[in-house]
Amino acid sequence: MRIRQYPSLIRQLMKDMSQLNQKIWSDYKINIIQIQEEIFAISQMSSTFTNKENLLALAKLLASGEPVVFLTGAGLSVSSGITPYRYTSQAIWSNFVVEQGTRKTFKKDPEAWWNDFWLRTHEKQEFISAKPNPGHFAITHISKRCPNVRVVTQNIDTLHTKACLDPTRIVEVHGSLGKYKCVNQQLWKNNRLFVCPYSTHRVVLIPDLNQYALPNTSLEQGNLRVRVPRCPGCLDPLMPLTLLFDEKYQSHDGFGYARAERWFAKAKAIVFVGTSLSVNVTSEAINVGEKNGAELFNFNIMEDDTKMRGMRWILGKAEETLMELEKAVAQEMTKTGPDGKPRMRMCAWK
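Counting from 1, one number per residue, gives the positions in the sequence shown under the UniProt record's numbering.
It is worth saying that the hints were derived from the structure and are not from the lab.
Incorrect hints may have been included.
If you anchor each label on the Cβ, the simulated ranges turn out as follows [to be verified]: (1) Lys131 to Asn292: 31 to 39 angstroms; (2) Gly293 to Asn191: 51 to 59 angstroms; (3) Gly293 to Asn223: 33 to 41 angstroms; (4) Arg225 to Lys327: 40 to 48 angstroms; (5) Gln211 to Ser283: 20 to 28 angstroms; (6) Pro167 to Ile128: 17 to 25 angstroms; (7) Glu53 to Leu193: 52 to 60 angstroms; (8) Arg145 to Asp208: 31 to 39 angstroms; (9) Asn191 to Ala258: 28 to 36 angstroms; (10) Gly293 to Gln221: 49 to 57 angstroms.
Restricting the straight-line Cα-Cα distance to at most 20 angstroms, the calculated cross-link-like pairs of lysine to aspartate or glutamate (EDC-like) are [claimed, not checked]: (11) Lys335 to Glu324; (12) Lys179 to Glu111; (13) Lys268 to Glu53; (14) Lys52 to Asp236; (15) Lys52 to Glu220; (16) Lys335 to Glu53; (17) Lys108 to Glu247; (18) Lys124 to Glu220; (19) Lys124 to Glu111; (20) Lys268 to Glu332; (21) Lys131 to Glu320; (22) Lys107 to Glu123; (23) Lys179 to Asp236; (24) Lys162 to Glu320; (25) Lys179 to Glu123; (26) Lys327 to Glu111; (27) Lys52 to Asp304.
Remember, it's a predicted structure, so these values are computed and weren't measured experimentally.
We put the CB at the ideal spot given by N, CA and C, even for glycine.
Modelling step: build the complete structure from the supplied sequences, incorporating the hints.
Structure representation (structure tokens):
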């Protein structure tokens with residue numbers, strides 16, 4: 001049996017075992033979770049050779065100076081203590097009603113939206129106090145060695161920034177904590193249609209929401225409730241600079257989507273890290289990459305051959321496999337070409 005057939009078989013076996021778990025758990029006390037972990041360990045061993053081959057191919061691309069874009073998702077931040085969005089019992093996706101995460105719902109009652117939704121699910125101590133993990137630092141170190149690396153992240157946790165990634169090389173395409181925008185996109189003022197600049201391209205920075213805290217509440221205590229922050233331009237309510245379900249990437253310049261599109265178009269390789277490939281930006285990256293003949297790599301805990309059959313997978317925990325990539329890049333960069341000069345070449349991003 002070919003090694004690359006294992007992940008699909010393992011997923012089916014885990015599904016069957018979960019059904020078995022529900023049926024006979026009470027009678028036989030079978031520890032399904034332990035068995036699943038053992039199966040996952042086997043899948044990791046079966047992917048060792050593929051991992052090495054794909055890691056080396058990517059390391060050579062990076063060391064040669066080719067333009068490479070890393071597109072990172074929630075899986076990268078799991079070991080930093082941040083709850084992922086999907087596929088776990090504690091996933092944020094399972095803990096809120098999707099309709100709450102919209103501009104439409106915000107406009108109905110900004111105070112309730114802030115205090116009953118946003119501060120309970122996103123802007124909370126878990127996110128604010130999180131620290132970068134070795135995976136974030138590995139990407140930073142690779143970017144310092146390889147000037148043609150760029151990063152597009154779906155994460156709003158700012159952990160790439162905390163890991164000292166050059167701010168000119170990252171696009172936080174879903175927004176970031178601590179940044180806010182105005183809800184007012186159209187307003188009649190003095191008989192003229194007025195569009196607040198903070199709703200389209202300017203950003204309000206609020207480093208500490210505690211300044212808006214209601215009495216006897218705070219972020220540290222986990223019970224923060226706030227007076228709704230107001231826009232300095234028009235005094236309408238402020239909302240987080242994060243992409244909501246009924247918004248488009250182009251709705252605010254702060255999402256940097258145009259720059260991300262340019263990077264995807266020029267990339268010789270696009271590297272997905274810890275993402276389920278379930279949002280528009282990942283679909284766009286795959287489409288552009290396929291069209292332009294870019295190589296596609298995916299760092300994830302398990303292969304999903306239903307998403308993209310041309311993908312080259314590196315399986316394992318992102319913080320571990322990215323450190324392996326960093327080492328491989330360092331080794332490749334010690335090599336020289338036939339002329340005795342370093343292989344690195346520069347390719348300008350625009």
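- Message: Please verify whether Lys52 and Asp236 have alpha carbons no more than 20 angstroms apart.
- Response: Violated - the C-alpha atoms of Asp236 and Lys52 are around 54 angstroms apart, more than 20 angstroms.
- Task: Verify the proposed pairing of Lys327 with Glu111, using a straight-line Cα cut of 20 angstroms.
- Result: violated (49 angstroms)
- Under the criterion that the straight-line Cα-Cα distance not exceed 20 angstroms, is the pair Lys335, Glu53 satisfied? holds (18 angstroms)
- Task: With respect to the beta-carbon atoms only, verify the hint that Gly293 and Asn191 lie 51 to 59 angstroms apart.
- Result: The hinted range 51 to 59 angstroms holds for Gly293 and Asn191, with Cβ atoms some 54 angstroms apart.
- Query: Are Lys179 and Glu111 close enough, with their CA atoms no more than 20 angstroms apart?
  - Reply: holds (18 angstroms)
- Query: Are the Cα positions of Lys179 and Glu123 separated by 20 angstroms at most?
  - Reply: holds (11 angstroms)
- Message: Looking only at beta-carbon atoms, does the pair Pro167, Ile128 fall within the given range of 17 to 25 angstroms?
- Response: The hinted range 17 to 25 angstroms holds for Pro167 and Ile128, with Cβ atoms some 19 angstroms apart.
- Given the proposed pairing of Lys179 with Asp236, does the C-alpha separation stay at or below 20 angstroms? holds (16 angstroms)
- Quick one, are Lys268 and Glu53 close enough, alpha carbons at most 20 angstroms? holds (18 angstroms)
- Message: 33 to 41 angstroms was suggested as the range; check whether the CB atoms of Gly293 and Asn223 agree with it.
- Response: violated (53 angstroms)
- Item | Holds or violated: Lys335 to Glu324, with C-alpha atoms at most 20 angstroms apart | holds (18 angstroms)
- Assessment of proposed distance window 52 to 60 angstroms (beta carbons of Glu53, Leu193): This hint holds: roughly 58 angstroms between Cβ atoms.
Checked against the numbered hints listed earlier, the structure breaks hints 3, 5, 14, 15, 26; every other hint is satisfied.
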